[in-house]
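Enquirer: The hints should help you fit chain L onto chain Z, whose structure is shown.
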Amino acid sequence: MRKVYPDATSALEGVCKDGMTIMAGGFGICGLPEALINALRDTGVKGLTAISNNAGIDGVGLSRLLETRQIRKMVSSYVGENKLFAELYLSGQLELEFNPQGTLAERIRAGGAGIPAFYTKTGVGTVIAEGKPVQEFDGEKYVQERWLRADLSLVHAYMADTEGNLVFRKTARNFNPMMATAGKVTVVQCEHLVRAGDINPDHIHTPGIFVHRIVHVPDAPKRIENRTTRKRTSAAAGTGGDI
Amino acid sequence: MAWTRDEMAARAARELRDGFYVNLGIGIPTLVSNYIPEGMSVQLQSENGMMGMGPFPYEGEEDADLINAGKQTVSELPTTSYFSSADSFAMIRGGHINLSILGAMQVAQNGDLANWMIPGKMVKGMGGAMDLVAGVQKVVVVMEHEAKGESKLLKACNLPLTGANVVDMVITDLGVFSIDKKGSGGMTLIELATGVTLDEIKAKTEAAFTVAL
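Residue numbers (the numbering used here), protein chains in the order written: chain Z, -16 to 226; chain L, 1143 to 1355.
Be aware that a few hints might be false.
Unchecked claim - In the BS3-like style, the derived pairs of lysine-lysine whose C-alpha atoms are separated by at most 27 Å in a straight line are:
#1 Z/Lys104 with Z/Lys115
#2 L/Lys1266 with Z/Lys56
#3 Z/Lys124 with L/Lys1297
#4 L/Lys1297 with Z/Lys104
#5 Z/Lys205 with L/Lys1266
#6 L/Lys1263 with Z/Lys66
#7 Z/Lys124 with L/Lys1280
#8 Z/Lys104 with L/Lys1324
#9 Z/Lys104 with L/Lys1266
#10 L/Lys1290 with Z/Lys66
#11 L/Lys1324 with L/Lys1344
#12 L/Lys1323 with Z/Lys115
#13 Z/Lys66 with Z/Lys167
#14 Z/Lys153 with Z/Lys205
#15 L/Lys1263 with Z/Lys115
#16 L/Lys1324 with Z/Lys124
#17 Z/Lys153 with L/Lys1266
#18 L/Lys1324 with Z/Lys115
It is worth saying that the hints were derived from the structure and are not from the lab.
Same shape as in the complex, but just chain Z (with noise of 0.2 Å):
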C-alpha cells in the first residue's frame, strides 16, 4: 500500500464530508499543517468540528475556514489573536468549546489509545467540571475527562519515510503526534520525504502504523507570529526581558 499522494488535494480525496470531526496540530502557527488545511478549505466540506489548540491567526490556518464559515464548533484552549474568531462567536455563529491545554492534549492522546475517560486535578471547582463526574482518589478531588478523536487529522511533521514513520522538529511537536494517533484517518504534510530506512529507528517520534496519508510539501511558508530578538552587542541576559 502506498501512502504518499503527489499533494494536498489528491491526499484529502475521498475522506472529507460534511459534519465530520478534524484535528489539526500546530501551537499557534507553529508546527501547523497548512498546505493540508488549506486543501480541506477547498474541498468546500461544511459543517465541521475542528479540534485544534488555537484557530490559527487572522488570515492563516483554520481561521480561513472560519472566513468560510465551513466550522460549527471549535474545541480549543485559546483563541486569542483572532478577530474574526471573536467576532463569530459573540454573535453566535460558532460554537466554542474551551478545554484548558493540557487535558485536551490528554483527551487526544487518550482518543488515540483507546481510553474512553481520565480524571483529572485540572479544572476541578471551576465551570470546567460542571455536569462532569468529579471522584475523589487518595483525598483529592478529580474530575472525569472523557476521549477525543477524529474522522480526519491533519499533522504536520518535519521529516516522514514513505512507511509513514515521523520525526518532528523543535516547538513544531506540540499537539501533532498525539492527533496523529487519534485520527480514523491521519494526513501528514513533511518538510522532508525519505526512503523507509533512511531514519534511524531509534529516532523516530512517531510510527507509521498511525500515518495513513503522506504529502511532501518542501516550500510551505514558516511564519513567525511573535518575532523577539536580541542585540548581538548586549550583555547576555535571561531569557525574556530585553527585545
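Expert: Using the frame of chain Z, we list chain L on its own:
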C-alpha cells in the same frame, strides 16, 4: 511608594531554588528570568513543549519552529529538551514542576484564582493556566494590588475561576502574602513593599488577612 514591575519580579525570583524546574507566565512573571541568581541552576519550561528555554535569539537567528508559549521566538540551551504537549502537561499535571509564577485578575483569601475570562467581554481561553495551577508544586501570583482603584485581593472571586484553593503566595506592588490554600490558616501579610505602610495595605485590600511581618 511601592514596588515597580521589576522589583516585583526580583521579589518573585527569591522563591527560586537551585535545581528548580519553573514555568513563567506572560507579563511580569516573564521578567523573573532576569533575576535568576548567578550560579543557580533553574530550568524554564514552556508548556508548548520545551524544557530549558533560552533567551530571545540573536537577530537573524530566529527559527519559526522554536517559540515559547507566548509565541515569541526563543533559543536553545545545552540543557534543552523538546517534547509533545501531552508530555509537557504530564510534567505539569504530574507535579514534576517545582514552581509556577503567573499573573491574575483576582485572588481570594482562600487561594482561589481568576485569570482567564471576563464573561461577555474577553474571549481568549485559559490555555495552560488551569493545568499549571492544579498541578505545579508551588503557585506564586505576581500582580498589581489594585485594578482601576479596586482591590484584586478579595474575600471571594467574582470572575470565573481558573482554580479553587490553588495559590500559595501573592506578590503585589504593595507587599507579599502567603495563603494556606489547603488548610484553614487563610491569608497572611508577610512583607511590605518599600515605603508602604500597614495602614495603606489594609485600606487597599478587601480580603481578610492576618499580619506576620
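Enquirer: All hints are to be evaluated individually against the structure, with a verdict given for each.
Expert: Verification of the supplied hints:
no.	hint	result
1	Z/Lys104 with Z/Lys115	13 Å, holds
2	L/Lys1266 with Z/Lys56	16 Å, holds
3	Z/Lys124 with L/Lys1297	23 Å, holds
4	L/Lys1297 with Z/Lys104	24 Å, holds
5	Z/Lys205 with L/Lys1266	24 Å, holds
6	L/Lys1263 with Z/Lys66	13 Å, holds
7	Z/Lys124 with L/Lys1280	18 Å, holds
8	Z/Lys104 with L/Lys1324	14 Å, holds
9	Z/Lys104 with L/Lys1266	22 Å, holds
10	L/Lys1290 with Z/Lys66	26 Å, holds
11	L/Lys1324 with L/Lys1344	24 Å, holds
12	L/Lys1323 with Z/Lys115	24 Å, holds
13	Z/Lys66 with Z/Lys167	32 Å, violated
14	Z/Lys153 with Z/Lys205	14 Å, holds
15	L/Lys1263 with Z/Lys115	26 Å, holds
16	L/Lys1324 with Z/Lys124	12 Å, holds
17	Z/Lys153 with L/Lys1266	25 Å, holds
18	L/Lys1324 with Z/Lys115	23 Å, holds
Against the hints set out earlier in the document, a violation occurs for number 13 only.
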